[in-house]
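*Asks:* Here the protein sequences come in this chain order: E and H. Heads up: the first sequence begins at 60 in my numbering, then just goes up one per residue. Heads up: the second sequence begins at 398 in my numbering, then just goes up one per residue.
Don't take each hint at face value.
Stated by the list, open to error - Straight-line C-alpha distance at most 16 Å; calculated EDC-like pairs for lysine to aspartate or glutamate: (1) E:101 to H:504; (2) E:101 to E:138; (3) E:101 to H:435; (4) E:153 to H:504; (5) E:153 to E:115; (6) E:130 to E:85; (7) E:74 to E:138.
What the hints assert, rightly or not - Examples of chain E residues lying across from chain H (beta carbon under 10 Å, computed): (8) 71; (9) 74; (10) 114; (11) 119; (12) 121; (13) 148; (14) 150; (15) 164; (16) 168; (17) 171.
I should point out that these hints are in silico values taken from the structure, not numbers from a laboratory. As the structure is a computational prediction, the values presented were derived from the model and not from experiment. All residues carry an ideal CB built from backbone N, CA and C; glycine is no exception.
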Amino acid sequence: QQQVKQSPQSLIVQKGGISIINCAYENTAFDYFPWYQQFPGKGPALLIAIRPDVSEKKEGRFTISFNKSAKQFSLHIMDSQPGDSATYFCAASKGAGTALIFGKGTTLSVSS
Amino acid sequence: DGGITQSPKYLFRKEGQNVTLSCEQNLNHDAMYWYRQDPGQGLRLIYYSQIVNDFQKGDIAEGYSVSREKKESFPLTVTSAQKNPTAFYLCASSSGRGGLGELFFGEGSRLTVL
């Protein structure tokens with residue numbers, strides 16, 4: 060049973076375009092929703108995270124949109140750059156200190 | 398610099414051999430985790446530990462074992478019982494309960510079983 064479903068599996072966006080990655084979850088006990096970015100051969104690193112008491116969080120070109128009633132959240136990358144080419148994982152957990160449950164990942168390629 | 402160190406980065410073993418992957422952190426974090434990454438499968442939780450001398454199974458613990466004798470260290474043993482051990486293994490830590498929940502990852506260990 061996949062607790063966090065991520066789509067699409069891969070995404071190609073032109074430089075300057077908007078990249079959108081979506082995730083859906085089932086467990087209403089989840090209260091922490093981070094996005095991680097991973098470059099080849101490296102470990103993932105936290106990009107941005109949100110808690111369910113807000114519907115949107117923006118950090119630079121990266122925005123998380125959160126829809127609690129639909130149990131969905133998404134990552135928007137504005138003005139996508141070739142350096143954004145990486146694998147992105149959404150995740151969820153039931154609280155600080157508990158293990159994160161990850162989606163299967165989205166490989167983003169930004170063409171120049 | 399604070400961080401998580403995984404070793405070795407690459408490891409080759411023959412089928413049927415046990416191997417141990419090292420994970421050390423100097424972030425003074427209480428919680429540590431092991432994830433396995435396979436292409437198209439995301440990160441799947443093997444084991445995690447929220448405090449010294451205590452650990453819990455994750456979703457795919459079969460064929461793996463861990464120990465947490467020191468706060469800084471959380472080694473993972475891939476036993477011969479693991480049917481498909483070839484994978485990229487990631488260790489992570491977090492400040493645990495009361496923290497912000499962010500996981501800090503090491504750079505991974507790639508295990509290939511021949």
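*Asks:* Each hint needs a verdict: does it hold in this structure or not?
*Replies:* Now for the hints, and whether the structure bears them out:
1. About 5 Å separates the Cα atoms of residue 101 of chain E and residue 504 of chain H, which keeps this hinted pair within 16 Å; it holds.
2. Annotation: proposed proximity of residue 101 of chain E to residue 138 of chain E is violated, straight-line Cα distance about 24 Å (limit 16 Å).
3. Distance restraint check for residue 101 of chain E and residue 435 of chain H: the Cα-Cα separation of roughly 14 Å lies within the 16 Å cut-off, and the hinted pair is therefore satisfied.
4. Restraint check for residue 153 of chain E and residue 504 of chain H: not satisfied, since their Cα atoms lie roughly 25 Å apart, outside the 16 Å limit.
5. A hinted pair counts as satisfied when its Cα atoms are at most 16 Å apart, and residue 153 of chain E with residue 115 of chain E does not qualify at roughly 19 Å.
6. For a cut-off of 16 Å, the pair hint linking residue 130 of chain E to residue 85 of chain E stands: about 7 Å separates their Cα positions.
7. Straight-line distance between C-alpha atoms of residue 74 of chain E and residue 138 of chain E comes to about 7 Å, which keeps the hinted pair within the 16 Å bound.
8. Interface restraint check: residue 71 of chain E against chain H, minimum CB-CB distance 17 Å, threshold 10 Å, status violated.
9. Using the Cβ-Cβ criterion of 10 Å, the hint placing residue 74 of chain E at the interface with chain H is not satisfied: the shortest such distance is roughly 26 Å.
10. Taking 10 Å as the C-beta cut-off, the interface hint given for residue 114 of chain E is violated, the closest approach to chain H being about 19 Å.
11. With its C-beta approaching chain H no nearer than about 17 Å, residue 119 of chain E sits outside the 10 Å limit, and its interface hint is violated.
12. Nearest Cβ of chain H to the Cβ of residue 121 of chain E: about 15 Å, over the 10 Å cut. The hint is violated.
13. A hinted interface residue such as residue 148 of chain E counts as satisfied when its beta carbon comes closer than 10 Å to some beta carbon of chain H; here the least separation is about 6 Å, so the hint holds.
14. Interface hint status for residue 150 of chain E: upheld, as the beta-carbon distance to the closest one in chain H is roughly 8 Å, under 10 Å.
15. Annotation: interface hint on residue 164 of chain E holds; nearest CB of chain H at approximately 5 Å, less than 10 Å.
16. Hint on residue 168 of chain E is violated. Least Cβ distance to chain H is approximately 16 Å, over the 10 Å limit.
17. Given the 10 Å rule on beta carbons, the hint for residue 171 of chain E is violated: about 25 Å separates it from the nearest Cβ of chain H.
Hints 2, 4, 5, 8, 9, 10, 11, 12, 16 and 17 from the earlier list are contradicted by this structure; the remaining hints agree with it.
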